[in-house]
Amino acid sequence: MKNILLVCNQGMSTSFLVEKMKTVAKNENLAIHIWAVSDAELNDNWEQADIILLGPQVGYLKANTEKVVQHSKPVEVIDFVDYGRANGKAVLDKALKIIEAKG
Amino acid sequence: MTSLSKSSLTDRLAHIAQAMGGQIHLRTLRDAFASIMPFMILAGFMTLINSVFLDPVGFMGKFIKPETLTTWQSIGTSITNGTLNIMTLLVAVAISYHLCVNRGYKNVIAPILVSLSTMIVITPLTILFTPTGSTEKFLVPGVIPVSYTSASGMFVAIIVGLIATDLFIKFSANKKLQINIAGNIPPAVIKSFNVLIPIMLNILIFAVVSFALKQLLNLDFNALITMVITKPLSYVTTSLPGFLLITSIANLFFGFGIHQAVISGALLDPFLLQNMQDNMIAYTNHQEIPHIINMAFKDTFAVMGGSGNTISLLIAIFIFSKRTDYRDTSKMSLVPCLFNISEPIIFGLPIVFNPMLIIPFVLAPIFSLTVAYFATVAGFINHVVVQIPWTTPPVLSGFLATGGDWRAAALQILIIIATVFIYLPFLKIDEHVSQMQLSKQQNEE
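Chains as they are written, first to last, in the numbering used here: chain D, 1 to 103; chain Z, 1 to 445.
Certain hints may be false.
[Stated by the list, open to error] Okay, derived cross-link-like pairs now, BS3-like style, lysine-lysine, Cα gap no bigger than 30 Å in a straight line: (1) D:Lys102 - D:Lys22; (2) D:Lys22 - Z:Lys428; (3) Z:Lys322 - D:Lys89; (4) D:Lys94 - Z:Lys331.
Bear in mind the hints are in silico, worked out from the structure with no lab data behind them.
Can you build the whole structure from these sequences, using the hints too?
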């Protein structure tokens, strides 16, 4: 079971992308837990995650987020066009590739 | 487009965002206000019910006995008392909690209690009361004055919450302030002693400062903060020019892919919220409405379909655009857009790093806010007096936020239509430029 955490300003816009990613994961029979939170909730959520994806609008939090997770796991900023067009497959594929490369 | 995403301006904005987004006190402010928002919205909702539906002289008064309506209003009044009227206490608690979390401090309950306790320590627990039929004022002891715990004390709560919590964390990390007990004492007992001294010191400091202010300057804490911080800053940030400037800077950041909340959440929202509260309280008490610019005013007139009033851009694309990718992205963005979520269109189209679309994205809110401001001044629409969720769809939002003024909803429609024509010329240029680039590429091939 892999865990992908998405972070944005209020966890609101990112939840659209999360739904798309979940559909892709389900169609491909992948057991992946995907969820979105606001950056204020990062502290309570990062430990369960294998990778943390930041919405491009909070990309400026990358350095700060890496500090919070003590560089224990990858922190990536989602490509802004993939994000805006809610390209669930592209985002999921990239995330899985990074997790595998690390694992 | 790509050149702009790699320009030095982009870097500079990212640096500012990083600094402000990482600054722990500013972050704490944003997080705390996010925690407070549901209470504001509940208060807004009850205000709306009491002032529109349960108004004894309103339209419901024709169907139900006015006395019955007045009795029912007490439900809303009690909720207003527990939300709006003690907002500063809620803010102090929320600030304290989020500062602890952001600092990674584990024993959160101690600083929270210290902040709450301090808020009361610095508040004079008396009011001057003039009984009806009398001209003489009486000093009534043993009350917590709502005037101190409601909107006017917002910055007191912010300052107390931040300082008390930071002091507490400093004190509790100081080895000299910890008690060393020899022998086989359970850790829990030692721990309880080790918060005792920081708590005592912390509250004592505020009590002494508050006492000194009173003795030396005949000022209480609240009056001092209002005079030195709230009044002057509020004058800058919530005057029309200041408000437009900060909003535009925030939207410019969004044009460069950085969420506008990093600017407005810290520089604008505290003032807008305070104005919002003032207005809600005045509206509830049937007094003159003090402010035009407030939290819901911004959301109602400048966040229609999301930041930059992007609902108008969507309409412009649906009617006039020839680019299929623009049309597809707009279709996909329509549902989020109805709830004022504009990230899909901002990043999907994209507006970000695209100068031809960034310009109208910044101009549109300046136009709409100015129009709405002067429409309010002229009395064409009622003041915005009710906090509504920012995700309330446009047109409905105007109606609700003004306490049920259909003219505000009509104004929103007019602004949306006019804004289509702000976006349109830039959209045309943008499509023309991309068309030229495309044909140039084809020629080269």
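Status of each hint after checking the structure:
no.: 1; hint: D:Lys102 - D:Lys22; verdict: holds (22 Å)
no.: 2; hint: D:Lys22 - Z:Lys428; verdict: violated (37 Å)
no.: 3; hint: Z:Lys322 - D:Lys89; verdict: holds (27 Å)
no.: 4; hint: D:Lys94 - Z:Lys331; verdict: holds (25 Å)
The structure is inconsistent with hint 2 alone, although it conforms to all the rest.
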